[in-house]
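One line per chain: the protein sequences are A and B, in this order.
Going by numbering that gives the first Met the number 0, the first sequence opens with residue 0, and the numbers climb by one from there.
Going by numbering that gives the first Met the number 0, the second sequence opens with residue 0, and the numbers climb by one from there.
Hints were generated in silico from the structure; no laboratory data involved.
Don't take every hint at face value.
With a cut-off of at most 27 Å between alpha-carbon atoms, the simulated BS3-like pairs for lysine-lysine come out as follows [claimed, not checked]:
(1) A/216 / A/203
(2) A/132 / B/177
(3) B/105 / A/18
(4) B/186 / A/104
(5) B/167 / B/107
(6) A/256 / A/203
(7) B/167 / B/186
(8) A/18 / A/245
(9) A/213 / A/203
(10) A/132 / A/107
(11) B/167 / A/104
(12) A/18 / B/167
(13) A/76 / B/177
(14) A/107 / B/177
(15) B/177 / A/104
(16) B/105 / B/186
(17) A/132 / B/186
(18) A/203 / A/181
(19) A/203 / A/215
(20) B/186 / A/76
(21) A/107 / B/186
(22) A/132 / B/167
(23) A/203 / A/245
(24) A/18 / B/107
(25) A/18 / A/215
(26) A/107 / B/267
(27) A/216 / A/245
(28) A/76 / B/167
(29) B/266 / A/132
(30) B/266 / B/186
(31) B/267 / A/132
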Amino acid sequence: MGPHVELENVSKFYEARDKTHALHEVSFGIDHGEFVTIVGPSGCGKSTLLKIMAGIDAPTSGEVRFQGGPVRGPHDKISMVFQGFGLFPWRTVLENVEYGLEMRKTPKPDRRARSREYIEMVGLAGYEHMYPKQLSGGMRQRVGIARALAVEPEVVLMDEAFSAIDEVTADVLREEVADIHKETGKTFVLVTHNLSEAIELADKVVVLSSRPAKVKKILPISLERPRDRTHSLFVHMHHDILHLLKEELENTLIRHKLREIREVQSLHDMEAPKKETPTRERSNSVAAASSPSKANAIREETI
Amino acid sequence: MEVSVEKQKALALSLTGRVLSENMLTNYLWVIPLGMGFVAWELITRLNLVPQANLPTFSGVLGVFFLSIQQPSFLLRIAHSFLNLSLGLMLAFATALPIAFVAGSKNKFDLTFTPLIMLFGALPDLSFLPLLVLWFGAGSVAAVIMASLAGFFPIYFTVRDGTRNIPKELFEVTSVFKSNRLSTFTKMVLPAISPHMFSGLRLAYDFGWEIIIAIEIATRAAGIGSFIEGSVSGGSLDSGFAAILAIALVAVVVDRVFFGSLESWAKKWA
Numbered sequence: 000m001g002p003h004v005e006l007e008n009v010s011k012f013y014e015a016r017d018k019t020h021a022l023h024e025v026s027f028g029i030d031h032g033e034f035v036t037i038v039g040p041s042g043c044g045k046s047t048l049l050k051i052m053a054g055i056d057a058p059t060s061g062e063v064r065f066q067g068g069p070v071r072g073p074h075d076k077i078s079m080v081f082q083g084f085g086l087f088p089w090r091t092v093l094e095n096v097e098y099g100l101e102m103r104k105t106p107k108p109d110r111r112a113r114s115r116e117y118i119e120m121v122g123l124a125g126y127e128h129m130y131p132k133q134l135s136g137g138m139r140q141r142v143g144i145a146r147a148l149a150v151e152p153e154v155v156l157m158d159e160a161f162s163a164i165d166e167v168t169a170d171v172l173r174e175e176v177a178d179i180h181k182e183t184g185k186t187f188v189l190v191t192h193n194l195s196e197a198i199e200l201a202d203k204v205v206v207l208s209s210r211p212a213k214v215k216k217i218l219p220i221s222l223e224r225p226r227d228r229t230h231s232l233f234v235h236m237h238h239d240i241l242h243l244l245k246e247e248l249e250n251t252l253i254r255h256k257l258r259e260i261r262e263v264q265s266l267h268d269m270e271a272p273k274k275e276t277p278t279r280e281r282s283n284s285v286a287a288a289s290s291p292s293k294a295n296a297i298r299e300e301t302i
Numbered sequence: 000m001e002v003s004v005e006k007q008k009a010l011a012l013s014l015t016g017r018v019l020s021e022n023m024l025t026n027y028l029w030v031i032p033l034g035m036g037f038v039a040w041e042l043i044t045r046l047n048l049v050p051q052a053n054l055p056t057f058s059g060v061l062g063v064f065f066l067s068i069q070q071p072s073f074l075l076r077i078a079h080s081f082l083n084l085s086l087g088l089m090l091a092f093a094t095a096l097p098i099a100f101v102a103g104s105k106n107k108f109d110l111t112f113t114p115l116i117m118l119f120g121a122l123p124d125l126s127f128l129p130l131l132v133l134w135f136g137a138g139s140v141a142a143v144i145m146a147s148l149a150g151f152f153p154i155y156f157t158v159r160d161g162t163r164n165i166p167k168e169l170f171e172v173t174s175v176f177k178s179n180r181l182s183t184f185t186k187m188v189l190p191a192i193s194p195h196m197f198s199g200l201r202l203a204y205d206f207g208w209e210i211i212i213a214i215e216i217a218t219r220a221a222g223i224g225s226f227i228e229g230s231v232s233g234g235s236l237d238s239g240f241a242a243i244l245a246i247a248l249v250a251v252v253v254d255r256v257f258f259g260s261l262e263s264w265a266k267k268w269a
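Excised from the complex, chain A in its bound form (with noise of 0.2 Å):
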């Protein structure tokens, strides 16, 4: 049996206005029920990764395959956990959870008894009439995690699920995530930037590279679980891939420095009569690195 899923040179490049080369022939694999997190510089497209792989986005070239087949858009057996939560505020907890039954058709008592399982799962058990606003942040992941869960998923993605959370809660849920993850044998794949986060769930690391992402390196976490972030193991782990990171964000100062020189240097060539239409561009061409148009291009997209 392969990989559960599996990357293979999956590139992304964005039409809209800039031209934006997010990934770059990302490729690896993923076990049944492993548990693989993905670290990368801020705006490399680690969340647009996750995106392809929900099947919610589309690889310029490239593919992503779910069990050999490929994902050609949202599948049945792929579930996804939201950075801001992801919840209909007009709907309870409980209306929340049923969302996804809901869009399968699955009747309304079976879904009912379903999401309330989930919700119980999750410890919101008493919480099922209450609206999202009357929640808290971590009690609002948690009805997030049981929406994902309640279609029964194989892979379950977690966009930056923690991060909106304050680090007590966080750590809570993390926690608890692991248990989930221990006890359904489900696949999970959690996009984070937070380092010790991504070490403490995962069976393997997948390090990204600046824009364009290229995998810089895999790293298989073999500790026990669960596990402590004060272990020597550990504290070397982290401090690899905190370095891993670092490097590519001298890599990516000195292309931008490289690239401004070579403006400057073709600014010369061109012996200025025409000084205004370079200094435009290479204005244009920083502020088209440091705000990246990806979201207006998704937006275009989902609608």
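Could you slot chain B onto chain A? The hints should help.
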């Protein structure tokens, strides 16, 4: 963990409870200044500070009001105006909602059409009235079209803004869970924009009343507006005031019952 969860739940319940009981009292505070206004009106006319030919007494108006609402013809006039208004608003809603939704979600469409719509919105709606009367006669058709014009803009702009403000993430949620286009619209977009939409509808309703009454006064078309005009120019001010009172009553009741219930639904979660 369990204890803190129980505590939070109790706190949330007690908070919602307190808000509710406070609302019960504060919801009716407006009765006090209203009553004081009526008393002042009665005093001013009784003391002849204003001649009764210009302002009838409040008690006199109230008497005529109770007589009037027993007359079918009077009630029919109110119903007529209200029907024109409702039809106009439905037309406005049916046209503004889809266009506004597309404008809110597609940038190019928005840039192409919204400036035009703003241009039309800036024109005083009533300036079209003579044309509409020419084309359709001084009747319900012109009134319904005018009310829909007046209602179009508040609905359009609130729905467009509401659509723009839907977090991108919610669209991703609908995609991940394989929602089709129709259920994305009915189960996600519509509820998400509803608080905006409700305030747009309420504004449209207010504008609509004004326009309907203005048209009826100007064209003497059937309705309660022409009744006011007839009463006042015929010298029976108390009938005119009674009609205004009746409009106010209908307007307030619909506002409270219809929009009130819509908004209290939105308040539960928004």
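Now the hints, each set against the structure:
{"no.": "1", "hint": "A/216 / A/203", "in the structure": "holds, 10 Å"}
{"no.": "2", "hint": "A/132 / B/177", "in the structure": "holds, 25 Å"}
{"no.": "3", "hint": "B/105 / A/18", "in the structure": "holds, 21 Å"}
{"no.": "4", "hint": "B/186 / A/104", "in the structure": "holds, 14 Å"}
{"no.": "5", "hint": "B/167 / B/107", "in the structure": "holds, 18 Å"}
{"no.": "6", "hint": "A/256 / A/203", "in the structure": "violated, 34 Å"}
{"no.": "7", "hint": "B/167 / B/186", "in the structure": "holds, 15 Å"}
{"no.": "8", "hint": "A/18 / A/245", "in the structure": "holds, 26 Å"}
{"no.": "9", "hint": "A/213 / A/203", "in the structure": "holds, 16 Å"}
{"no.": "10", "hint": "A/132 / A/107", "in the structure": "holds, 25 Å"}
{"no.": "11", "hint": "B/167 / A/104", "in the structure": "holds, 24 Å"}
{"no.": "12", "hint": "A/18 / B/167", "in the structure": "holds, 21 Å"}
{"no.": "13", "hint": "A/76 / B/177", "in the structure": "holds, 11 Å"}
{"no.": "14", "hint": "A/107 / B/177", "in the structure": "holds, 18 Å"}
{"no.": "15", "hint": "B/177 / A/104", "in the structure": "holds, 11 Å"}
{"no.": "16", "hint": "B/105 / B/186", "in the structure": "holds, 20 Å"}
{"no.": "17", "hint": "A/132 / B/186", "in the structure": "holds, 19 Å"}
{"no.": "18", "hint": "A/203 / A/181", "in the structure": "holds, 15 Å"}
{"no.": "19", "hint": "A/203 / A/215", "in the structure": "holds, 13 Å"}
{"no.": "20", "hint": "B/186 / A/76", "in the structure": "holds, 22 Å"}
{"no.": "21", "hint": "A/107 / B/186", "in the structure": "holds, 16 Å"}
{"no.": "22", "hint": "A/132 / B/167", "in the structure": "holds, 19 Å"}
{"no.": "23", "hint": "A/203 / A/245", "in the structure": "holds, 20 Å"}
{"no.": "24", "hint": "A/18 / B/107", "in the structure": "holds, 20 Å"}
{"no.": "25", "hint": "A/18 / A/215", "in the structure": "holds, 23 Å"}
{"no.": "26", "hint": "A/107 / B/267", "in the structure": "holds, 24 Å"}
{"no.": "27", "hint": "A/216 / A/245", "in the structure": "holds, 14 Å"}
{"no.": "28", "hint": "A/76 / B/167", "in the structure": "holds, 23 Å"}
{"no.": "29", "hint": "B/266 / A/132", "in the structure": "holds, 11 Å"}
{"no.": "30", "hint": "B/266 / B/186", "in the structure": "holds, 18 Å"}
{"no.": "31", "hint": "B/267 / A/132", "in the structure": "holds, 9 Å"}
Checked against the numbered hints given earlier, the structure breaks only hint 6 and satisfies all the rest.
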